[in-house]
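These protein sequences, in sequence, are chains A and B.
Numbering-wise (this note's numbering), the first sequence opens with residue -12 and increments by one.
Numbering-wise (this note's numbering), the second sequence opens with residue -12 and increments by one.
Just so you know, these hints were derived from the structure itself, not from any lab.
A couple of the hints might just be wrong.
Just so you know, same-sequence chains aren't split out, so a pair can sit in one copy or run between any two.
[Claimed, not checked] Result set (EDC-like, lysine to aspartate or glutamate): computed pairs, CA atoms no more than 16 Å apart in a straight line:
id	residue 1	residue 2
1	Lys71	Glu40
2	Lys71	Asp86
3	Lys100	Asp10
4	Lys3	Glu19
5	Lys77	Asp26
6	Lys22	Glu54
7	Lys100	Glu12
Number of protein chains: 2
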Amino acid sequence: MNICSEKCINEAKVNKTLKNFPDQEDIIGIAEIFKALSDPSRLKIVLALLKQEHCVCDIAVICNQTESAISHQLRVLRTLRIVKNRREGKIVYYTLNDDHVISLINMSLDHVKHEIFNTER
Amino acid sequence: MNICSEKCINEAKVNKTLKNFPDQEDIIGIAEIFKALSDPSRLKIVLALLKQEHCVCDIAVICNQTESAISHQLRVLRTLRIVKNRREGKIVYYTLNDDHVISLINMSLDHVKHEIFNTER
DNA sequence: TTAACATATGAACAATTGCTCATATGAAGA
DNA sequence: TCTTCATATGAGCAATTGTTCATATGTTAA
Chain A
-12 MNICSEKCIN EAKVNKTLKN FPDQEDIIGI AEIFKALSDP SRLKIVLALL
38 KQEHCVCDIA VICNQTESAI SHQLRVLRTL RIVKNRREGK IVYYTLNDDH
88 VISLINMSLD HVKHEIFNTE R
Chain B
-12 MNICSEKCIN EAKVNKTLKN FPDQEDIIGI AEIFKALSDP SRLKIVLALL
38 KQEHCVCDIA VICNQTESAI SHQLRVLRTL RIVKNRREGK IVYYTLNDDH
88 VISLINMSLD HVKHEIFNTE R
């Protein structure tokens, strides 16, 4: 165990960073959105819905997964208000519901498409 | 078990979405970046480095975590090239290394700060 | 009402994750 | 060289996660 916190700490820099540091609540909120997009299966679903709505069944085909698995993930996305749905008879159609998420995804797509993203790579 | 994939599927819509759908590799790459930011501890580290570099010890103070835990997470971020470091004697300073990530974070901060993000909320 | 079917949900399980604790590494000063 | 200290790393563990399988729900058509 070291005692760095009493000796080596650069108090001025630490305080500067701590000033206006987002609150825990906001941090958790942001992390939650990133978490929703952090699983390839879930990201695929969001990508599938980027340009048009789809029913659960079609999403399953697009994502090459069982409808049950898709349904479970859609629930996660629904809870986070990332998608919304409408029912048409037996069929339930899903759409993206969060402009922020759409922007995040588009930014990331630009990244992998143009690779102008990270100057160090 | 249902046979939706042979009956209810809207082939035209599915094909439209599948056309120009990102490849699996890109999807995993994007998900990886989101995953890096999906853990509140890791997100906090990135937020701490948003405006200036910090040593491991100071990050631990800012994030209120042990230096070991921080070091483990920094390794994850380093592996993903989200942060880079420079050594100055015994002290190692970390900086953000990915402009893309910086933009994603700033977008998310704007979101929680202005709440103009999701029109439905 | 009953059968068929799209979707949702619960339980259970394997896999992954983030932390702690102990120990290793590498640099500075005595 | 030896000690001190900042950081890094490995093993182990509890907690979380994503999937599967079985079953429930709710809608349509017969």
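Within, between, both or neither: Lys100, Glu12 at alpha-carbon 16 Å: between (33 Å within a copy, 12 Å between copies)
When no copy is specified for Lys71 and Asp86, does a C-alpha distance of 16 Å or less occur within a copy, between copies, both, or neither? within (12 Å within a copy, 31 Å between copies)
Copy assignment of Lys77 with Asp26, given that the CA separation must stay at most 16 Å: neither (28 Å within a copy, 37 Å between copies)
Given identical chains, is Lys100 near Asp10, meaning Cα to Cα at most 16 Å, within a copy, between copies, both, or neither? between (34 Å within a copy, 11 Å between copies)
My question is about Lys3 and Glu19: at a cut-off of 16 Å on alpha-carbon distance, are they close within one copy, between copies, both, or neither? Neither, since 26 Å and 30 Å both go past 16 Å.
With identical chains, the pair Lys22 and Glu54 could be close in the same copy or across copies; at 16 Å between alpha carbons, which is it: within, between, both, or neither? neither (22 Å within a copy, 24 Å between copies)
Up to 16 Å CA-CA - Glu40 versus Lys71, copy category: within (10 Å within a copy, 40 Å between copies)
Of the hints listed earlier, those the structure fails to meet are numbers 4, 5 and 6, in rising order.
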